[in-house]
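Read in order, the letters of the sequence shown correspond to residues 1 to 610 in full-length UniProt numbering.
Quick caveat, the hints were computed from the structure, so don't treat them as lab data.
Note that the Cβ used here is the ideal one computed from N, Cα and C, for glycine as well.
Treat the hints with caution; some may be incorrect.
[Unchecked claim] DEER-style ranges, computed between Cβ atoms:
#, residue 1, residue 2, range
1, 281, 224, 20 to 30 Å
2, 363, 226, 41 to 51 Å
3, 209, 111, 49 to 59 Å
[As the list claims (entries may be wrong)] In silico DSBU-like links for lysine-lysine, alpha-carbon gap of 35 Å or less:
#, residue 1, residue 2
4, 467, 541
5, 384, 463
6, 467, 388
7, 384, 530
8, 185, 119
9, 259, 398
10, 364, 398
11, 211, 99
12, 439, 293
13, 293, 398
14, 463, 446
15, 439, 357
16, 191, 213
17, 364, 384
18, 119, 99
19, 293, 446
20, 259, 388
21, 293, 364
22, 150, 119
23, 530, 99
24, 384, 357
25, 357, 398
26, 467, 384
27, 213, 114
28, 467, 357
29, 114, 293
30, 388, 293
31, 259, 211
32, 114, 211
33, 191, 211
34, 150, 99
35, 467, 439
36, 541, 530
37, 191, 150
38, 398, 384
39, 388, 364
40, 591, 384
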Amino acid sequence: MGFAHLNYRDRTWAVSKWRQLAVQKPHRPSTTTFNSPSPTLSPNMSYGKKDEDAELGLVKVDRTQVFQEARLFNSSPIQPRRCRILLTKIALLLYTGEKFPTNEATTLFFGISKLFQNKDASLRQMVHLVIKELANSAEDIIMVTSTIMKDTGGSTEAIFRPNAIRALCRIIDATTVQSIERVMKTAIVDKNPSVASAALVSSYHLLPIAKDKDPEVKRSVDVLLTRCLDDVDDEVRDRAALNLSLMHEDDELATQFVKNDSMFSLPYFEHQLVMYVTSDDRSTFDDPFDISKIPVVTREQADAEDRTKKLTATAPSLKPPKVGPTKSAASGAEAAASASAAAQRYAQELMEIPEMKEFGSVLKSSPVIELTEAETEYVVTVVKHIFKEHIVLQYEVKNTLPATVLENVSVVATPAEEEELEEVFIIQAESLATDEPGKVYVAFQKVNGEGSLPVSSFSNILKFTSKEIDPMTNEPEETGYDDEYEVSEFDLAGSDYVVPAFAGNFNHIWEQVGAAGEEAEETLQLSGMKSIADATDQLAKTLSLQPLDGTDVPVNQTTHTLKLFGKTIAGGKVVANVRMAYSSKSGVTTKITVRSEEEGVAALVIASVA
Numbered sequence: 001m002g003f004a005h006l007n008y009r010d011r012t013w014a015v016s017k018w019r020q021l022a023v024q025k026p027h028r029p030s031t032t033t034f035n036s037p038s039p040t041l042s043p044n045m046s047y048g049k050k051d052e053d054a055e056l057g058l059v060k061v062d063r064t065q066v067f068q069e070a071r072l073f074n075s076s077p078i079q080p081r082r083c084r085i086l087l088t089k090i091a092l093l094l095y096t097g098e099k100f101p102t103n104e105a106t107t108l109f110f111g112i113s114k115l116f117q118n119k120d121a122s123l124r125q126m127v128h129l130v131i132k133e134l135a136n137s138a139e140d141i142i143m144v145t146s147t148i149m150k151d152t153g154g155s156t157e158a159i160f161r162p163n164a165i166r167a168l169c170r171i172i173d174a175t176t177v178q179s180i181e182r183v184m185k186t187a188i189v190d191k192n193p194s195v196a197s198a199a200l201v202s203s204y205h206l207l208p209i210a211k212d213k214d215p216e217v218k219r220s221v222d223v224l225l226t227r228c229l230d231d232v233d234d235e236v237r238d239r240a241a242l243n244l245s246l247m248h249e250d251d252e253l254a255t256q257f258v259k260n261d262s263m264f265s266l267p268y269f270e271h272q273l274v275m276y277v278t279s280d281d282r283s284t285f286d287d288p289f290d291i292s293k294i295p296v297v298t299r300e301q302a303d304a305e306d307r308t309k310k311l312t313a314t315a316p317s318l319k320p321p322k323v324g325p326t327k328s329a330a331s332g333a334e335a336a337a338s339a340s341a342a343a344q345r346y347a348q349e350l351m352e353i354p355e356m357k358e359f360g361s362v363l364k365s366s367p368v369i370e371l372t373e374a375e376t377e378y379v380v381t382v383v384k385h386i387f388k389e390h391i392v393l394q395y396e397v398k399n400t401l402p403a404t405v406l407e408n409v410s411v412v413a414t415p416a417e418e419e420e421l422e423e424v425f426i427i428q429a430e431s432l433a434t435d436e437p438g439k440v441y442v443a444f445q446k447v448n449g450e451g452s453l454p455v456s457s458f459s460n461i462l463k464f465t466s467k468e469i470d471p472m473t474n475e476p477e478e479t480g481y482d483d484e485y486e487v488s489e490f491d492l493a494g495s496d497y498v499v500p501a502f503a504g505n506f507n508h509i510w511e512q513v514g515a516a517g518e519e520a521e522e523t524l525q526l527s528g529m530k531s532i533a534d535a536t537d538q539l540a541k542t543l544s545l546q547p548l549d550g551t552d553v554p555v556n557q558t559t560h561t562l563k564l565f566g567k568t569i570a571g572g573k574v575v576a577n578v579r580m581a582y583s584s585k586s587g588v589t590t591k592i593t594v595r596s597e598e599e600g601v602a603a604l605v606i607a608s609v610a
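Given these sequences and hints, build the entire structure.
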């Protein structure tokens, strides 16, 4: 697990300690005294604020070298300062997304545990911090429990007690959680706020492995909530009344309300409400607001979007200002809501077509792909719809020629891999007047059954009958001529069978899928990308995966690790780790590693960009 879940204090302390120790300059005694006049300032001195974060990008730490240097932990006597520098290097590697193999992590873990013999408080604080991070990848970590428990009950002035409490809750398991109950209760009522806070938050994180039920607690909570009904604050009374009502209902209703992991997409919800109440058409209010059209997202997705908004709002922009008005990009929440609304609209349209009712529900719809330029006489776009046993291509054709009508409009779509896809039918657009769009549907059946994931490129030829408009009658002429128009090709790729999804713990899923699934790897040179941010956005879209842990917002302009997750249309997990490095000469170099639960999916997903 990286440092993404750490609190701000721990993360800032680790980075500042690295700068202080690893980039420390030798001390030189100052010749300036308090009574002497101020020294003359250099005319070239810069008064601009120094970007301290820029220094972090210049620090190069190699995992193999750090592991070799870890022999320092076994030396005697222990050298606190050198050990702190080495521990900070390990923390920096973990913070930047580096992963130690299990055997290396275990060796480091027990090497670091030997540093408990030293009483240096700063060294001890760093030991607890790194042990907590290595706990998820090392083995036999339970052996250091007693040592860490001693540090949790140290002197009240010990600065390492909060970190010791956090590390203790990370290495404990369900079978030994009872042994630390007294320690946690004592820490919660400690007079030191940082100790009490660490104990409270760490206890909360123990809930998944230390669940329990006590009917008597419900009775006590009922009494407390009843007293809250007399509170002077109306919001307190409202919440007390709501929860009392749920407690007195059946458990199924209460569970559905309390443990509901879904919620409406609030940005889209707010937008639709504003459009409804500000409508100039009075007939709009004849029907009540239809909440069923609002997309539903998971709480993990909503939380991730909130984190992205905060990072976007606080991260400094290194791009020069643009001249003139610019269109602001949609936020992640708005984009997700828009995609969900489009998918629902497509599904409703397809279900109304009789020929497609037997296909079942749509498993995924791709974004719109432009097959022609917007200035051409015929503008054509396509959307790929994935069904259980079928692939449906929805073409939208727009006739821009004046005084011309197109009739019997169809598209001949020919897959390069004809042995995997068999054409079922084509639904034509009967007539297209000038600047009037129409839809053409081409359906294919998977030859190898529902479990197959065919990939292929498609050549497309637009066929139609063109008729001119009689200027006297303003009606199309009786006779016309058949014509065809070739448009660009497009690909049905492996990413078309993957749906972006949110998850709370990337590292856990990465290890879980890696243990039971398959892995594919590819190194690519994206010379056309001008920045890490552009590559991050493009790769997430091309791979059709959801960025996790706030990695969709790069904080370093030279290196970045993008963490992605999604699920196949069959429900199998797909997880990707993309490491990027930017150079002004060569663009962005990427190393993409994809893991999947289903056989063959990892290679197909990487082939989407390779």
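Hints and how they fare:
In this structure, residue 281 and residue 224 break the distance hint of 20 to 30 Å, their C-beta atoms being roughly 50 Å apart. Judged by the Cβ atoms, the range 41 to 51 Å given for residue 363 and residue 226 holds: they are separated by roughly 49 Å. Hint check: residue 209 to residue 111, Cβ distance near 27 Å, so the stated range 49 to 59 Å is violated. The hinted pair formed by residue 467 and residue 541 fails the criterion: a straight-line CA distance of about 41 Å is larger than 35 Å.
As the CA atoms of residue 384 and residue 463 are separated by approximately 20 Å, the hinted pair is consistent with the 35 Å bound. Straight-line distance between C-alpha atoms of residue 467 and residue 388 comes to about 39 Å, which puts the hinted pair past the 35 Å bound. Proximity of residue 384 to residue 530 is assessed by CA-CA distance (about 29 Å); at most 35 Å being required, the pair is judged to hold. Restraint check for residue 185 and residue 119: the C-alpha separation of about 26 Å stays at or below 35 Å, so the hint holds.
At roughly 48 Å between alpha-carbon atoms, residue 259 and residue 398 are farther apart than 35 Å, so this suggested pair is violated. Under the criterion of a C-alpha separation no larger than 35 Å, the hint pairing residue 364 with residue 398 is consistent with the structure, at around 24 Å. For the proposed pair residue 211 and residue 99, the alpha carbon gap of about 30 Å is at most 35 Å, so the pair holds. The hinted pair formed by residue 439 and residue 293 meets the criterion: a straight-line CA distance of about 23 Å does not exceed 35 Å.
Simply put, residue 293 and residue 398 have alpha-carbon atoms about 28 Å apart, close enough for the 35 Å limit, and the pair holds. Under the criterion of a C-alpha separation no larger than 35 Å, the hint pairing residue 463 with residue 446 is consistent with the structure, at around 25 Å. Straight-line distance between C-alpha atoms of residue 439 and residue 357 comes to about 17 Å, which keeps the hinted pair within the 35 Å bound. With a CA separation close to 29 Å, the supplied pair residue 191 and residue 213 stays within the 35 Å bound.
Straight-line distance between C-alpha atoms of residue 364 and residue 384 comes to about 8 Å, which keeps the hinted pair within the 35 Å bound. Restraint check for residue 119 and residue 99: the C-alpha separation of about 29 Å stays at or below 35 Å, so the hint holds. Between residue 293 and residue 446 the alpha-carbon distance is near 32 Å, which keeps this suggested pair within the 35 Å criterion. Taking the CA atoms of residue 259 and residue 388, the gap is about 31 Å. The hint holds against a cut of 35 Å.
Taken as a hint, the residue 293 and residue 364 pair is honoured in the structure, with Cα atoms around 18 Å apart against an allowance of 35 Å. Between the alpha carbons of residue 150 and residue 119 the distance comes to roughly 13 Å, so the proposed pair stays at or under 35 Å and holds. About 28 Å separates the Cα atoms of residue 530 and residue 99, which keeps this hinted pair within 35 Å; it holds. For the suggested pair residue 384 and residue 357, the alpha carbons sit about 17 Å apart, so the restraint of at most 35 Å is met.
Among the hinted pairs, residue 357 with residue 398 is consistent with the structure: their alpha-carbon atoms are about 26 Å apart, no more than 35 Å. Straight-line distance between C-alpha atoms of residue 467 and residue 384 comes to about 30 Å, which keeps the hinted pair within the 35 Å bound. About 39 Å separates the Cα atoms of residue 213 and residue 114, which puts this hinted pair outside 35 Å; it is violated. This hinted pair checks out: residue 467 and residue 357 have alpha carbons roughly 34 Å apart, not beyond 35 Å.
Under the criterion of a C-alpha separation no larger than 35 Å, the hint pairing residue 114 with residue 293 is inconsistent with the structure, at around 60 Å. The straight-line distance between the Cα atoms of residue 388 and residue 293 is roughly 24 Å, inside the 35 Å bound, and the hint therefore holds. Restraint check: the Cα-Cα separation between residue 259 and residue 211 comes to about 15 Å, which is no more than 35 Å; the hinted pair holds. A threshold of 35 Å between alpha carbons decides the hint, and for residue 114 with residue 211 the separation of about 33 Å falls inside it, so the pair holds.
With a CA separation close to 27 Å, the supplied pair residue 191 and residue 211 stays within the 35 Å bound. In summary, the hint linking residue 150 to residue 99 is supported, as the alpha carbons are separated by about 29 Å, within the 35 Å threshold. For the suggested pair residue 467 and residue 439, the alpha carbons sit about 19 Å apart, so the restraint of at most 35 Å is met. Between the alpha carbons of residue 541 and residue 530 the distance comes to roughly 17 Å, so the proposed pair stays at or under 35 Å and holds.
With a C-alpha separation of about 18 Å, the suggested pairing of residue 191 with residue 150 holds against the 35 Å cut-off. Annotation: proposed proximity of residue 398 to residue 384 holds, straight-line Cα distance about 18 Å (limit 35 Å). As the CA atoms of residue 388 and residue 364 are separated by approximately 10 Å, the hinted pair is consistent with the 35 Å bound. Distance hint between residue 591 and residue 384 is fulfilled; the C-alpha atoms sit about 28 Å from each other, no more than 35 Å.
Of the hints listed earlier, those the structure fails to meet are numbers 1, 3, 4, 6, 9, 27 and 29, in rising order.
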